[in-house]
Amino acid sequence: MSVEFDEAHPPMIEVPRSMPPRRVPRTSRGNFELYAWLFMRVSGMLLVVLVLGHLFIMNILDGGVQRINFAFVAGRWSSPFWQTWDLLMLWLAQLHGANGMRTIINDYTRRDTTRFWLKMLLYAASGLVLFLGTLVIFTFDPTI
Amino acid sequence: MSSVAPPAPAGPVVRKKKPSGTLYRGREGMWSWVAHRITGMLTFFFLFAHVLDTALVRVSPDSYDRIIETYKNPIVNLMEIGLVGAVLYHALNGIRIMTIDFWFKGPNYQRQMLWAIVGIWLVVMIPGSYFMIIHTVENLFGSK
Ligand code: HEM
Numbered sequence: 001m002s003v004e005f006d007e008a009h010p011p012m013i014e015v016p017r018s019m020p021p022r023r024v025p026r027t028s029r030g031n032f033e034l035y036a037w038l039f040m041r042v043s044g045m046l047l048v049v050l051v052l053g054h055l056f057i058m059n060i061l062d063g064g065v066q067r068i069n070f071a072f073v074a075g076r077w078s079s080p081f082w083q084t085w086d087l088l089m090l091w092l093a094q095l096h097g098a099n100g101m102r103t104i105i106n107d108y109t110r111r112d113t114t115r116f117w118l119k120m121l122l123y124a125a126s127g128l129v130l131f132l133g134t135l136v137i138f139t140f141d142p143t144i
Numbered sequence: 145m146s147s148v149a150p151p152a153p154a155g156p157v158v159r160k161k162k163p164s165g166t167l168y169r170g171r172e173g174m175w176s177w178v179a180h181r182i183t184g185m186l187t188f189f190f191l192f193a194h195v196l197d198t199a200l201v202r203v204s205p206d207s208y209d210r211i212i213e214t215y216k217n218p219i220v221n222l223m224e225i226g227l228v229g230a231v232l233y234h235a236l237n238g239i240r241i242m243t244i245d246f247w248f249k250g251p252n253y254q255r256q257m258l259w260a261i262v263g264i265w266l267v268v269m270i271p272g273s274y275f276m277i278i279h280t281v282e283n284l285f286g287s288k
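Protein chains in written order, with our numbering: chain Z, 1 to 144; chain W, 145 to 288.
This is chain Z alone, in the form it adopts within the complex:
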C-alpha cells in the first residue's frame, strides 16, 4: 500500500490547526513534562503485562467473568503475589491514565478557569480511586 507522490511537490507535515500556544511560564516547571513523558512509556511497558494479563485471566481463562464472585476474589487475594499485582496495576494505570487525561484537557480547553476546574476534578477523582483501591486491597477481609 504505497502512496505515489509528485516529485516536484513532495509531501509535507502541515502546521497543526490547533489554537495558538498559551503562554506558559518558562522556568517554573523544571523538567516535569520530560519525566511525565518518560513515565507514560515506562508505565505503559509494565501495564502491557499487568493489564493484558488481568484481562486474560478474568475474561478468558477457565469460566471467564462467569466464575467471578466474592469467593473467587477471596481466593486470589489470599496470595501476596496477586495483591502486589493488583496494587501495582492500580497505581500505574491510574497515574498513567490521569496523566494522559491531563494532556487531553490541556489540548482542548480554551479558558483558564475551565482548564483549572477540569484538572481539579481529574485530580480529585484520581485521588479517590487510588485511596479507595489501596484501602480495599490492604483491608480486605474474607470472613465478613
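Just so you know, these hints were derived from the structure itself, not from any lab. The beta carbon of each residue, even a glycine, is placed where N, CA and C say it ideally should be. Any given hint could turn out to be false.
[To be verified] Pairwise CB distance ranges, derived in the manner of DEER restraints:
hint	chain 1	residue 1	chain 2	residue 2	range
1	W	I244	Z	R111	29 to 37 Å
2	Z	F116	W	W247	32 to 40 Å
3	Z	F116	W	L186	23 to 31 Å
4	W	A260	Z	S78	22 to 30 Å
5	Z	L34	W	M174	18 to 26 Å
6	Z	K119	W	I219	32 to 40 Å
7	Z	A71	W	A193	43 to 51 Å
[Stated by the list, open to error] Examples of chain Z residues toward chain W, derived with CB under 8 Å:
hint	residue
8	L38
9	I57
10	I60
Mind docking chain W with the ligand on chain Z? Use the hints.
For chain W with the ligand alone, kept in the frame of chain Z given last:
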C-alpha cells in the same frame, strides 16, 4: 472555471504550492493517534467505575456478587469484548509509539507497524471474543 484570467494581483505573483500530500494529517499516523486517544479515555473512565464496583468486596459478599452479576449479562458481555478490544489496541499501539520513539528506524516503519498491530489485534480478538461469548452462552443455558 472561466477562461478569462482574473486580473493579476499587484506585486510579485506568489504561487501557492500545493503539496502532493501530507505525511500525517488524514493518514494512518493521524488516525492511529485518534484511536489511541479515544481508547485511552474509554479505559480511564472504565477504570474509575471498576475500582468503585470492586470496592464493594469491602462492604459485603452479597453486594459484591450482585454488582458482578451485571458483568455476566450477555449485553454487558458484548460491551466487555469492546473494552478488551479497546485496551488491546491501546496497548499494541503504545508499543508501536515506543518503538517509533526509541528505535532509530522506527519512524520509517510506522505505517507497516500499524498494519502489523492491526493483524495481531485480529489474531487475538477473534479467538478471544469466541471464548468470552462461549462462557456466557454456557452459563445462560446451564451447560456449566
Ligand atoms: C496496556 C498497556 C498500555 C500501554 C502500552 C500504554 C501506552 C501509552 C503511550 C505510549 C501513550 C502515549 C503517551 C504520549 O504520547 O506521550 C499513552 C497515552 C495514554 N494512555 Fe496509555 N497505555 C497503556 C494502558 C493504559 C490504560 C490502562 C489507560 C487508562 C487508565 C491508559 C490511558 C491513556 C491515556 C488517557 C493516554 C493519553 C492519550 C493522548 O494523549 O492522546 N493507557 N498510553
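Verification of the supplied hints:
1. W/I244 - Z/R111: 29 to 37 Å: At roughly 33 Å between Cβ atoms, Z/R111 and W/I244 fall inside 29 to 37 Å, so the hint holds.
2. Z/F116 - W/W247: 32 to 40 Å: Check passed, 38 Å falls within 32 to 40 Å.
3. Z/F116 - W/L186: 23 to 31 Å: holds, 25 Å
4. W/A260 - Z/S78: 22 to 30 Å: violated, 40 Å
5. Z/L34 - W/M174: 18 to 26 Å: This hint holds: roughly 25 Å between Cβ atoms.
6. Z/K119 - W/I219: 32 to 40 Å: Holds: the Cβ-Cβ distance is about 35 Å, inside 32 to 40 Å.
7. Z/A71 - W/A193: 43 to 51 Å: violated, 23 Å
8. L38: Check failed: Cβ of Z/L38 comes no nearer than 10 Å to chain W, outside 8 Å.
9. I57: violated, 12 Å
10. I60: holds, 5 Å
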